[in-house]
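Here's the letter readout for the chains.
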Amino acid sequence: MLSFLEIAKRSETGPMAIADELGMKIAGIVTGLAKKYDIAYDPEVRVNTDDDLADRVWQAGRDLILEIGLYSINSRRQILFSEREVDEGLAAVRPEFTAGEGLDTALVYRRDVEDNRPPVIFGGPFNADVHQDMFVRLNEAFAGEPLIDLLLLPGYLKELDGIMIRPNSGLSTRAAMFYGRWAREAISRAGRPGLPIVGHAVMALNEVSSANEEWGLRSCDPRAFALISELQVDDVTLTRLAHYQAIGAPIYTSATPLIGGYGGGPVGTAIIGVAGHIGSVMLGSHVMHLGPQHIKYKQQTNAMSLWLGSVVKQAAARNSKMINTTSVTTSGRPGSMQYIYEFSALVLSVVPSGSNLTGPRPAEPLGWNNVSPLMCRLFAEVGHAATKIDRKEANRIADTLHEKYKDKIELKDAPKGLPFEKMYDVNTLQPNDEHWALYEKGKSELKELGVPLE
Amino acid sequence: MAEHEEILERMRASIVAADETEAMAAAEAALAAGIEPLTALEEGFAGAIRAQGEAFSNLDIFLPELVLSAKAMQAGVSVLEPALKAKGIDAARSGVVVIGTVEGDLHDIGKNIVVAMLRSAGYEVHDLGTDVPIPNFISVAEQTKADIIGLSALLSTTMLRQKDLIELLNLKKIREDFFVIVGGAPVTEAWMNEIGADGYGLDAHMAIEVLDSRTK
Ligand code: B12
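Heads up: the sequence lines are chains A and B, in that order. For the first sequence, my numbering begins at 23 and goes up steadily by one. For the second sequence, my numbering begins at 1236 and goes up steadily by one.
Bound conformation, chain B alone:
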């Protein structure tokens, strides 16, 4: 329907314009017009934020724009949430992630980008910040019933902490409870295999691809 398409377009535009109020208003309009909440989420917000993510990868837009778009998306989704829930759809449908930069490492820009993109892709994200001791990842993951742990490391020396997490999970006999994804400039597929992680992301795009297609 033309009216529906118009509202979906309004939703998309609100994400590109990073306008929280407009995103919420458009989401309300969508529900009022009888658009399926999942359609509104996928075709309204999600497509637009993916496009913003792509634009950021090419640096057609910059980090602040991406963060603001992701915020607008979160605001809009909060309006859709009750309707989604009523249909038995979890707004954090994609998964719950505990993420941070490992102990000894302060690099956070790459991790912040991954966080913004994950949030906009429908993940509930608990960002622990930088210089995070490995046991903290596990305790927060347990508290929040997370199914994914993401570790960022930018230094070849701090990469080793990613291996520590796997060993610690093994030791606690809870390795199977979590999908462990690793990333950061020095992290490669070979390293992921060597330490026995479940996935790795060269960039935020790949992180989402890997997580969306996970079977664990």
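Same shape as in the complex, but just chain A:
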């Protein structure tokens, strides 16, 4: 990593560039790199088993970040890295760290390809729209799920007390404070007061106001920010970085390279994915999250995303010490079997590829609270089971699952699902009979397909 001062300096003095032109430049570079390293997409493969291919994608991604660096949108300048700096940054990256406190402390660690240690589970509302009336209880239910190691992004507060929140407004500062407060209340009600909360209040700069050791997000809570696709940061990102480093919070950075965007197809996009991870390391991040996003389907469980997820995670796991995770966003929504098929397919693709797990979440939640803690439990269970099989077997099962939903992958055709209140008794915080039945059905179908669930 580079010091914040060095990043800030380069963002003010690096070579000037125009964003759209840089996007097209990336398109040209990745096409060349795909040729140079002979990287091709195989539409039949859900989980890559070719180690050499993963290594070539790594090399290409490394070449890309060396050539293009990260782009600082507001100053319109490139933050460039030398080869030596990248090698030093990768050598210094932490393979593990702890988050949270006391009995609930979580060990967050890197995994190898086909590692038999369980994936670390980042589970929670994943910033789906959560209504303030249900914020504490919904997060309490998530925090009560024992397989969740870190509570993930407690929810997107669109409005507060009936007023829509304008980014950067005073109201958004107030909302960010409640975000921290309510998340803390939720974990304490669940009896896991030390549970780490991966925070990202979606409130632009104002989100720093969620930080408070006593009632808000603590320094032991990892904080998230996203690289702006492709390979960009802005003043808000860098402000967060400065703040997180100052309070000593672990940093969780997502890269969402867009399949069909400037990277072109899955190959170019995979190369950008690797470059994004290395760029995040250079910024000083501790967890590298990949969102294998598809521009047409707007979700992450289509055939290309499955392949991309497995390749990028293997590339990073085989060639670096970085801690990897993958986001799982689906077309089908909680309350449907399709949700289970979809998240299981991506879990099977990335867990044997060396990734931890983030999610799951519907790509297009309908209305408020469209998430389920019980489905997160099943997601985690599939993740643990996936450590018992190799990539070849994972590929077979993921392919069978993909067959089941591939024709209903367009968001308009996907099952609408249910809000939390329709899947749970909101007083007892227990799933209702119907939701339990769905869980049991999903589990037994997955077992039949060969997922070694307990």
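Rather than coming from a laboratory, the hints here were simulated on the basis of the structure. No experiment lies behind these values; they were computed from the predicted model shown. For glycine and all other residues, C-beta sits at the position ideal for the given N, C-alpha and C. Treat each hint with caution, since some may be false.
Derived lysine-lysine pairs resembling DSBU-like cross-links, with alpha carbons at most 30 angstroms apart [claimed, not checked]:
#1 LYS434/A x LYS1398/B
#2 LYS320/A x LYS1320/B
#3 LYS428/A x LYS444/A
#4 LYS1398/B x LYS180/A
#5 LYS318/A x LYS1320/B
#6 LYS57/A x LYS180/A
Now the in silico label distances, taken between C-beta atoms and shown as ranges [unchecked claim]:
#7 ASP1447/B x GLU470/A: 51 to 59 angstroms
#8 ASP155/A x SER1292/B: 52 to 60 angstroms
#9 GLY50/A x VAL1251/B: 14 to 22 angstroms
#10 GLU1277/B x ARG106/A: 54 to 62 angstroms
#11 GLU1277/B x GLU110/A: 55 to 63 angstroms
Based on these hints, arrange chain B with the ligand on the given structure of chain A.
Quick look at chain B with the ligand alone, frame taken from chain A:
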């Protein structure tokens, strides 16, 4: 005529191949062969770029290919432009658009696609980028004598800025001067109606359909 058809085919191929030099050469050949400039534009370039747009919607091609095709089209059209003008046809015949992603919002891929498609459909486009304060849309629209303002918003919170634009136009008593089209994932027909916009586009295709058939 066979020769004419051959040249039109060359023009179409240059767009698909995203070859700027070839697009310009083919346009010159078309004019030299006496093809009507409007025919050259419509049957040579426009059909091909529409097909590229369609191919992109199905992801048979990707964003860079679409952008490059649109660039080739722009280069080719620049050759036809004087001949079009001489016939009293404005190359920006479809309209002048000021477009951007609203304040507080950084999502630009969808907007970039709409921009590429609009340019290739004969619109003069002023792209203001992302995180654009609402008054900027109006001042640039006035400066460029635009007749269309397009607003992209991908967040449910930033959608509200689309409503602000309408209110601000009303306040300035210039609402009738502009056709306002809104778009972005959370934007629906109901939202368009609620805020009193003139059109909305589910995707870039629909954006062009809506704008081409506008009466304002
Ligand atoms: C890529 C992405 C990002 C990238 C953006 C990169 C970039 N350069 O654009 C990054 C990582 C930076 C990002 C950041 C954030 N994002 Co985001 N992002 C997405 C994602 C995954 C895809 C968007 C996309 O590019 N789609 C592909 C294009 C082709 O589709 P499109 O944009 O819809 O455009 C088409 C149409 O809408 C239409 N259209 C678009 N604009 C216009 C304009 C006009 C005039 C017309 C007529 C038509 C039109 O035509 C386009 C072409 O067909 C969506 C998920 C989704 N389901 O959409 C989330 C999503 C939009 N993001 C979301 C959120 C919350 C955020 C963040 C706040 C936090 C976060 N990290 O999650 C930040 C906000 C940053 C900010 N201030 O804006 C949420 C919004 C939720 C909500 N209720 O509002 C979504 C829905 C994800 C989710 N499931 O929760 N994001």
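Structure-based check of all given hints:
no. : hint                                     : verdict
1   : LYS434/A x LYS1398/B                     : 26 angstroms, holds
2   : LYS320/A x LYS1320/B                     : 42 angstroms, violated
3   : LYS428/A x LYS444/A                      : 27 angstroms, holds
4   : LYS1398/B x LYS180/A                     : 16 angstroms, holds
5   : LYS318/A x LYS1320/B                     : 38 angstroms, violated
6   : LYS57/A x LYS180/A                       : 45 angstroms, violated
7   : ASP1447/B x GLU470/A: 51 to 59 angstroms : 53 angstroms, holds
8   : ASP155/A x SER1292/B: 52 to 60 angstroms : 39 angstroms, violated
9   : GLY50/A x VAL1251/B: 14 to 22 angstroms  : 18 angstroms, holds
10  : GLU1277/B x ARG106/A: 54 to 62 angstroms : 56 angstroms, holds
11  : GLU1277/B x GLU110/A: 55 to 63 angstroms : 58 angstroms, holds
Hints 2, 5, 6 and 8, counting from the list given before, are not met by this structure.
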